[in-house]
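Now for the letters of each chain:
Protein chains: 4
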Amino acid sequence: MSQIKNIGVYTSGGDSPGMNAAIRAVVRTALYHDIQVTGIRRGYEGMINGEYEPMNRKSVSNIIQRGGTILKSARSDEFRTPEGRKLAYFQLKKNKVDALVAIGGEGTFTGAKLLGEEYDIPIIGLPGTIDNDLVGTDFTIGYDTAINTVINAVDKIRDTAESHDRLFIVEVMGRDSGLIALRSGIASGAEAVLIPESTGDLNALFHRLEHGRKDKSSRIVIVAEGDQEGGAFEVGRLVKEKFPNYDTRVSILGHIQRGGRPTCMDRVLASRVGYAAVEALKDGHRAEMIGVIHGEISYTPFEQAIKKNLQLNSNMLKIVEILSL
Amino acid sequence: MSQIKNIGVYTSGGDSPGMNAAIRAVVRTALYHDIQVTGIRRGYEGMINGEYEPMNRKSVSNIIQRGGTILKSARSDEFRTPEGRKLAYFQLKKNKVDALVAIGGEGTFTGAKLLGEEYDIPIIGLPGTIDNDLVGTDFTIGYDTAINTVINAVDKIRDTAESHDRLFIVEVMGRDSGLIALRSGIASGAEAVLIPESTGDLNALFHRLEHGRKDKSSRIVIVAEGDQEGGAFEVGRLVKEKFPNYDTRVSILGHIQRGGRPTCMDRVLASRVGYAAVEALKDGHRAEMIGVIHGEISYTPFEQAIKKNLQLNSNMLKIVEILSL
Amino acid sequence: MSQIKNIGVYTSGGDSPGMNAAIRAVVRTALYHDIQVTGIRRGYEGMINGEYEPMNRKSVSNIIQRGGTILKSARSDEFRTPEGRKLAYFQLKKNKVDALVAIGGEGTFTGAKLLGEEYDIPIIGLPGTIDNDLVGTDFTIGYDTAINTVINAVDKIRDTAESHDRLFIVEVMGRDSGLIALRSGIASGAEAVLIPESTGDLNALFHRLEHGRKDKSSRIVIVAEGDQEGGAFEVGRLVKEKFPNYDTRVSILGHIQRGGRPTCMDRVLASRVGYAAVEALKDGHRAEMIGVIHGEISYTPFEQAIKKNLQLNSNMLKIVEILSL
Amino acid sequence: MSQIKNIGVYTSGGDSPGMNAAIRAVVRTALYHDIQVTGIRRGYEGMINGEYEPMNRKSVSNIIQRGGTILKSARSDEFRTPEGRKLAYFQLKKNKVDALVAIGGEGTFTGAKLLGEEYDIPIIGLPGTIDNDLVGTDFTIGYDTAINTVINAVDKIRDTAESHDRLFIVEVMGRDSGLIALRSGIASGAEAVLIPESTGDLNALFHRLEHGRKDKSSRIVIVAEGDQEGGAFEVGRLVKEKFPNYDTRVSILGHIQRGGRPTCMDRVLASRVGYAAVEALKDGHRAEMIGVIHGEISYTPFEQAIKKNLQLNSNMLKIVEILSL
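Chains as they are written, first to last, in this note's numbering: chain A, 1 to 325; chain B, 1 to 325; chain C, 1 to 325; chain D, 1 to 325.
Calculated directly from the structure, the hints in this document are not laboratory data. Quick caveat: nothing in here was measured; it's all calculated off a predicted structure. One or more hints might be untrue.
Since copy identity is lost for identical chains, a pair holds within one copy or between any two.
Claimed, not checked - Below, computed lysine to aspartate or glutamate pairings styled on EDC-like, alpha-carbon distance capped at 16 Å: (1) LYS96 <-> GLU51; (2) LYS318 <-> GLU279; (3) LYS58 <-> ASP215; (4) LYS282 <-> ASP34; (5) LYS308 <-> ASP176.
The task is simple: from the sequences and hints, build the whole structure.
In structure tokens form, the structure reads like this:
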């Protein structure tokens, strides 16, 4: 293994709060080891199109607290083809980039895995996604910020729900997973949480609305966008139909969940794995995602990391129910 | 005029942040003058149904910072009828309430006006609505909080818009008025603001997307829900149709705009008018809304206050345009 | 009057949230009129030392929501001397700057006034200070953000004060003025507000602690740093001495009051006056501060604007007292 | 073991955000199992003085999002004596409380341990302290909120530090521990973190200020209140003395760190352990603290839990240094 001289760093897929903190950590740690850093803009698209820029300590000043990604992100169909990856590798060579740090989720690592298999370039991945659905880390960068954004929004909705004795159906992100819904549901004192991983939630809710406590002045139901029932509008329609006497409203939280200043936890996580990514590249690691498991840095091969982790703590669903009784 | 002994206070119509601060001010000021206070729950509905409770200093402890209304709010069809108002007055007499402070908007004061005309009871109104659409006050209680909630949400959306070079269509509240849209549009650096009060906004936006600056990495368009074009979904549809190359997304902010901890401005406004309401009743005022105009307490007869004030500072629309160029 | 071709913009004195929004408005409005803009860094110090940079539309992208000032600020002793101002003017000429927009407070405008009297250069001032102590505008840029920062902090302090039945003495900014203390005092439900403008506050507080309501579970006293009694530590010492049975704590809010994302009100104000500043220069105005009075743009000669406006609404002190009874 | 019929719940020691969420979980879970709940106010003081009140589902409505503790907290010297504990037990018997859930920190569990040893009453502890210094749980309730409060404050301070090229010494809580300082230091991009657990920090900072990068426009140093150097004022004095050319300021964050709406993480943690506490009492556990270790509920005997856990991840100190280079 020859020594690494120039690390390329990029963000790819849906952006998540804390990506900037991760970029900063990669840049500063590399420079500390006298390794150059090249920022690659717009993920794999920019990698192919030659959007490269050298980064120095100043490039990442005063960004640790900012949402989004200063390197921008994009989808790239071209990179899914062998020709696209060939072009990408050609550009990397041309720009003298000899190692990569990829910040993103499942799709990002799938691309990184292929590139690393087809060409001789070490790549380390960092888990940047609000969905928290990756194997190999307890939490992904952005998840904690997203669930806090959700509960802050629901706290506001609760204020008006309480004032008017209303039932709110609130949709949160999570196409394949109820991880955002479940934690934010517990934390916002939700009546029920409807998620893709479990069925029968809606009937349980109906049962409760019919037979449960009548003296509650507000009720919040959290629905993951990927729920089988079809999202908050559809759930709202069904509830209104069956319970016309409830004053039922629907709210879709949408893209506010992707932005905002990262929480302390997300900044610390991003800083730790960004630091560890450079150390790992120096130590000869490749084709691995770096996460934090029970407080310790962990290394997971891309092929395992991209298997979505949709495991739920089933006890938590029970807690939602009992605590809102 | 006999001396007032027991003031009833209630909130009615859509709730707004700062209503609790207003209730607190009414209760504390009345007690200071040795006047009793009766809380009437659920607005006119509770006034008819007898939801009365005596309030003391402790009743309003630690609520100045809370969104919503501890007295709750509701719509009442019954109160729109003379029979309903007769019942209400009967209940007021029975509970020895001899004056009222009504916190709400246009509908609240319309009801108060009728009650005050039909029965001998002095009523003072306080402007509690996020819409800022009342004559007789520069700002209504809750407006400042609502526009801050909007810009905080748009700041988050901006993060992700910047990361992905996207155009976002964001819908804010305002069925008849663009007042929320206009200020939040300026403050969030929006590309354009589409409001009921002006026409041709959409064509101006189209023109700009076609001929304007091409190097912007994000664009935010704020749409008032009452805009002629039909809300954000419809505007989004039209933009996507005409500009398929823009990555366009729609976000409806919804009910988060009604809740949340009130801002300093809303708390001060609510405290001042709540205090002034009791002083006004003592001084023999009746059938007036109390507001603040250029820093001074003002008194406006209900019949004028309920004429919606939808006047926009037209210069502001120009500012939105020029500052986002 | 020859036509203006290049406007220099700078921030000076203590920074305040919203200054960036004002810079953005000046730059974008000038470019709209095909006037160049030069950013001058570090206020008068940079003006003398030649810290000039051309600004374009991109220079002010995505800054409307940021606290602080991208142009930085500094104190300059040199500029207080005729020689310093001569050097400054020489640099302005050299950089072809033929008009100025100065964003700051009393000291900033005093400097601008002198420069404009000694040399032929039109200068417009914008009120950027958290202190709200200028004649010629209802509010200064940054004041609204500062008082919201205060009440958010006091809301947190209230939580722990309530839990432990404590009395907190909280010091806020305001060396010469109680304007921050007074509004934030009303809005945070303070027991008392001690400010430079009034005397006897402390005795009133003592009287109340001795004879007032005993069932309160928390008490907050807001002290302006410039109060005669000597700040929160001294007030705390006196309270502890006289009322050893109260569990009294002191908190100095300090510099958090200067930073943070500006509120909607501050962003709108900054955008409006920034826009108006360029229009005013075009129309031949000079040596004036631009403010907003009762919703309308106003123009005040520097010599009047720098007379500190420390007028308090005396009724407000009474409201603090009565509402916390 | 006879069946539990009435659980007493109390909060003791310094309050922390999330205590209310824990109380809510205990109450709702107990009622679900048809166990009565008695709220004991003001910790051990109220336990002795008879401040007991029955709690129902409504008692804990709408509190999950509130800082502080609705049951209040207090110190009790009397409870440290055998006579005090005897009185407490007498009151518990009198109020038919046959099991306890104690929410607090080291002192709280020390008291609980003694009471449980001297009298036959099962007690379960929940880790409620912002200090995160307990054995038996990865995080304590309130820690995550506190470190987020710190970074939000430092973000504001950073704004003004950047504008004026200043060095800020910021003091955070932590009498015996640098745990708050360390994480918030990483997350706020601090230059250095001075904590009780390590020595030589100050010299390292001096070395860096003398020989390090000169082009930084702001510098933040986080000091734990219990640091050997003597807190932020003393550190500030030393820095000013040695580096008079730096514009150095000191800020003490103080009690804002104890309050505020709990974060999602704190609410989920509090809900989970509150739920588990009742289940544990039902299952015969006693004299144990319940925590969450790597996502799973854990049980730790009081005598172990009260041994302060001040272990730091030493790698983190290195990360602070390298990432701020």
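Task: Intra- versus inter-subunit Cα pairing at 16 Å for LYS318 with GLU279 - done: For LYS318 and GLU279, only the inter-copy Cα distance (13 Å) is at most 16 Å; the intra-copy one is 42 Å.
Task: 16 Å Cα threshold - placement of ASP176 relative to LYS308 - done: Close inside one copy (9 Å), not across copies (41 Å); limit 16 Å.
Task: Intra/inter-copy verdict for LYS58 and ASP215 if alpha-carbon distance must be at most 16 Å - done: between (58 Å within a copy, 9 Å between copies)
Open item on the list: Within, between, both or neither: how does the pair LYS282, ASP34 come out at a Cα-Cα threshold of 16 Å?
Closed with: Answer is within; shortest intra-copy Cα gap is 11 Å, inter-copy 52 Å.
Open item on the list: Within a copy, between copies, both or neither: which one fits LYS96 and GLU51 at a CA-CA cutoff of 16 Å?
Closed with: Result: close within a single copy only, 13 Å intra versus 35 Å inter.
This entry satisfies every hint, going by the numbered hints stated previously.
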